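Protein chains in written order, with this note's numbering: chain A, 687 to 1181; chain B, 687 to 1181.
Don't read these hints as lab results, they were simulated from the structure. Please note that a few of the clues may not be correct.
Heads up, the list lumps identical chains together, so a pair's fine if it works in one copy or across two of them.
Unchecked claim - Mimicking SDA-like on lysine to any residue, the simulated pairs with C-alpha atoms at most 20 Å apart in a straight line are:
| hint | residue 1 | residue 2 |
| --- | --- | --- |
| 1 | Lys726 | Asp962 |
| 2 | Lys779 | Glu1078 |
| 3 | Lys1119 | Ile744 |
| 4 | Lys878 | Ser1028 |
| 5 | Lys726 | Asn710 |
| 6 | Lys933 | Asn718 |
| 7 | Lys898 | Ser1134 |
| 8 | Lys698 | Lys737 |
| 9 | Lys726 | Asn970 |
| 10 | Lys933 | Asp914 |
| 11 | Lys889 | Tyr934 |
| 12 | Lys698 | Asp730 |
| 13 | Lys723 | Asn970 |
| 14 | Lys889 | His1005 |
| 15 | Lys723 | Met912 |
| 16 | Lys933 | Ile890 |
| 17 | Lys774 | His964 |
All of these numbers come straight from a predicted model, not from anything done at the bench.
2 protein chains.
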Amino acid sequence: MPTTLIDQYYHKIQEMKLLTSVANLLEWDQQNQMPPKATKARADKLALINKLHHERMIDKEFARILNNVYEQRDTLSDIDRRSVEFTKRQYDKKAKLPTAFVEKFSRATSHGHTSWVEAKEKEDFSLFQKDLQTILDLSKQYADYIDNSKPVYDVLTDDYEEGITSRDLDGIFNTLVKELPPLLKQMKKKQKKNALEGRRFDKIKTRAYIEKLVEQIGFDFTRGTMGDVPHPFETSITEHDIRINMKYPPDDIGYSIMSGIHELGHGLYEQNVHEDYHQTDLRNGVSQGIHESQSRLLENIIGRSEAFWTYALPLLQEHLPDEMGHVTVDDIVHDLNLVEPSFIRTEADEVTYNIHILLRYQLETDLLNNKLKVRDLPEAWNAKMKELLDIEPEKPSLGVLQDAHWSMGAVGYFPTYTLGNLNGAQLWKRFEKDHPKWEKKIAQGDFSEYFNWFKENIWQHGSFYQPQELMKRVTGEETNPDYFVAYVKEKYTNN
Amino acid sequence: MPTTLIDQYYHKIQEMKLLTSVANLLEWDQQNQMPPKATKARADKLALINKLHHERMIDKEFARILNNVYEQRDTLSDIDRRSVEFTKRQYDKKAKLPTAFVEKFSRATSHGHTSWVEAKEKEDFSLFQKDLQTILDLSKQYADYIDNSKPVYDVLTDDYEEGITSRDLDGIFNTLVKELPPLLKQMKKKQKKNALEGRRFDKIKTRAYIEKLVEQIGFDFTRGTMGDVPHPFETSITEHDIRINMKYPPDDIGYSIMSGIHELGHGLYEQNVHEDYHQTDLRNGVSQGIHESQSRLLENIIGRSEAFWTYALPLLQEHLPDEMGHVTVDDIVHDLNLVEPSFIRTEADEVTYNIHILLRYQLETDLLNNKLKVRDLPEAWNAKMKELLDIEPEKPSLGVLQDAHWSMGAVGYFPTYTLGNLNGAQLWKRFEKDHPKWEKKIAQGDFSEYFNWFKENIWQHGSFYQPQELMKRVTGEETNPDYFVAYVKEKYTNN
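From just these sequences and the hints, can you work out the full model?
As structure tokens, this is what we get:
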């Protein structure tokens, strides 16, 4: 056992870090390779690893070390102090949860996810209704354990975006709901050209192409891999093992590329946290809202630009000459920037995407405040969709059952997607000030301006700064929806 | 906590079982997906999980439960009793090892494996020499902890093949060394036809073909997967998650198919252990020597037969018409059954394979008995190769550095490969008695006789019977090299 308090602290969090890493691998593998009948045994393993982690977190000896080192935090180096503060905030939450409650919640979401999968498959919301009710009840109980002086929603969303409140979110969504629907009406309807769909795209060739792209943009394959999954995501097993996971629908190469670049945005953030932070609790990207800004700006602002495709199309044509030989940069850019109300959030364009989030935010707030009953949720979903986007889903899989989040206990999570879009536009505006000629560089396949600026300003800091502190430090102000509104207005009304 | 002793025992081993399963996944992933720079973090995770397992194994409360339930074993059901006995044998070994020694050994093999990889790459044995010395010293110390009344080799090999002694092995190898080299001289040299090599075989098509094959033979993809690895192996994450891992050298489809079927033999064994054993310590195949019998007989006796290729060639031609259209069953069977001394054990034919093992057995015995110094090992290897097979490797990667086993601490392991070959031939002889027309069935792609007989007689029993007990139960006698000798004599002198 080390002698100084700070070394004892690092010694203790090291084992927790390893257990988190093991849990991440178990979850990654569940999506990648695990055969279907192993589901129960996998849940058992995850529950054990999470229990071992929780035991270490709430261990009395650890509490003593953490509280003591926290008391003395002003004597520590900046990195040590921030890491201790970060851990202390986590600890203060976790220590309030009875172990039995943690296990109960874990079982409820495990069960809930299974019933959600079945309900979605059978297009029958009632199969998920009871589990959703349980998850909402437990979420409220969770908020009650953590801090019963605050609104439930604020406690829940704080786990994903530290410091954000429903008052902040209301302000943001009020701006968006005022600006976006009118913009949508004002836009001329464009025809799809089908440059990237309708043909068959060989998976191996598509994968090889995306591998080239992500390497060129800056992904380090000695410290990361590309996995195959049913739903794309990024996961950090350790700081030297960052996995961006994609899928390749054979008839939609646009989806493969765009979702691939999206996950790359997360991956670059994680791969470029400063190595001085690797042994600390600051080693990951700071919040969902900052993380999503990195994936969304790479996917949307860079990835759907003419500059990007000037570079990326010839490479695509090299890999798939027969399928893509006839396509022009204009065709692709046109197709990738169509705006049209649609049912599925993950396939929505930049303008309507946040309306999807607004819908979820309003519904989950109403559910938590007992203004809406779970059994009335499908109807409320459809009515809200009609109101906001003027379309109505024909079946639950296109509506209320499309997202896995609630079934996994992630209530209060959705707004972080919108925060990601807003933060992305706001950071990009600042980037453009330093690099007004970025389009020229990227059209040549030179991503160094982008890579270095975001590494310098965002990625390397890991969780050193809290989200809004980071936004203020880089852009001079906290998250402000005006940048995003200006960005979409300029992009979609100048065409 | 359950109330009866036997339930307390099952409760305790359940957590150990989950930890073993986690370690297996960490190791599998290390071969499959892990990026190179994650090596150290992976070693840390494995060390932690193994430590947590060891702590539970040597925990006083567990010892109390295990010893008490062991005392009362005659009152238990057969399954419970055998599981308790199995665990007790493991415990009696593990409890003798100081935790510090376990960690030291783990570090030594982790380091040893890395230096072996480097030594092999640079063709320089001296880079591995010091670590090999350490591993041998620790192996002797290990044997000393476990049972210093027995020969070191007997203690070491018992971990892989319970109950076998160097006296047994000497007897077996004496028979083989008397029979095999003369047989080799007697055989006419045949020319390679290159039916399965020299062309380029698309990996995706090859993989799709092997997937069809293994499914037809009986692999259950709802409880297993096929992974991609640099060195083929099988691993059981849990009883519902059996992974057969293969590689696809683009110029040698014979290797892909034969190694694939070999791993399938292991996989079928693991997938078909009786479900009553899943919660017990009897849930895996019983020993390396029985396990290897299942992979070797499927690969060699079935997989290299005319009957098999009568079925398998048309399917291969469907998948790779351009590459395989011109090939005949005779061509393939001829090529797959060539016998010729060669350097690499894993690519050796059925006849010379056991000579490779004999060489390793003699050398590791001499090393452990101080009859041979580590620094003289390369020279001794080459001399032995010349003596036994009349060929001499030009570089260490073709000789003394070809196998990873010693670097991973597996000293005393090699003979189990030979036991596998002998057991396979002996079991097959018994199978043929029940199913003399097996060739007709398999030529039609009907593997049910094979599948049902081995499930019934071997697979379902897991570790219920000890290896030699199982051999006796099924064939009427313990491992006897005569069956194998008769099999190769008949196969290779009648051609």
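Going through the hints against the structure:
In this assembly of identical chains, lysine 726 and aspartate 962 lie within 20 Å of each other by CA distance solely across copies; the values are 17 Å between and 39 Å within a copy. In this assembly of identical chains, the alpha carbons of lysine 779 and glutamate 1078 never lie at most 20 Å apart, being 40 Å within a copy and 67 Å across copies at closest. In this homomeric assembly, lysine 1119 and isoleucine 744 never come within 20 Å of each other (Cα to Cα): the closest approach is 47 Å inside a single copy and 63 Å across copies. Proximity of lysine 878 to serine 1028 under the C-alpha cut-off of 20 Å is restricted to the intra-copy arrangement: shortest distance 14 Å within a copy versus 62 Å between copies.
For the homomeric pair lysine 726 and asparagine 710, the shortest alpha-carbon distances inside one copy (17 Å) and between copies (17 Å) are both at most 20 Å. Taking identical chains as interchangeable, the C-alpha atoms of lysine 933 and asparagine 718 lie at most 20 Å apart whether they share a chain (11 Å) or sit on different chains (18 Å). For the identical chains of this complex, lysine 898 and serine 1134 are intra-copy neighbours only, at 16 Å inside a copy versus 46 Å across copies, given an alpha-carbon limit of 20 Å. Within a single copy, lysine 698 and lysine 737 get their C-alpha atoms as close as 16 Å, and across copies as close as 15 Å, so both meet the 20 Å cut-off.
In this assembly of identical chains, the alpha carbons of lysine 726 and asparagine 970 lie at most 20 Å apart only when taken from different copies (19 Å versus 29 Å within one copy). In this assembly of identical chains, the alpha carbons of lysine 933 and aspartate 914 lie at most 20 Å apart whether taken from the same copy (6 Å) or from different copies (18 Å). For the identical chains of this complex, lysine 889 and tyrosine 934 are neighbours both inside a copy (6 Å) and across copies (18 Å), given an alpha-carbon limit of 20 Å. Taking CA atoms no more than 20 Å apart as the test, lysine 698 paired with aspartate 730 passes between copies only; the shortest distance there is 14 Å, against 25 Å inside one copy.
Taking CA atoms no more than 20 Å apart as the test, lysine 723 paired with asparagine 970 passes between copies only; the shortest distance there is 17 Å, against 32 Å inside one copy. With identical chains, the CA atoms of lysine 889 and histidine 1005 are at most 20 Å apart both within one copy (11 Å) and between copies (18 Å). For the homomeric pair lysine 723 and methionine 912, the shortest alpha-carbon distance between copies (15 Å) is at most 20 Å, but the shortest distance inside one copy (25 Å) is not. For a Cα distance limit of 20 Å, the shortest separation of lysine 933 from isoleucine 890 qualifies both inside one copy, at 11 Å, and across copies, at 17 Å.
In this assembly of identical chains, lysine 774 and histidine 964 lie within 20 Å of each other by CA distance solely inside one copy; the values are 18 Å within and 42 Å between copies.
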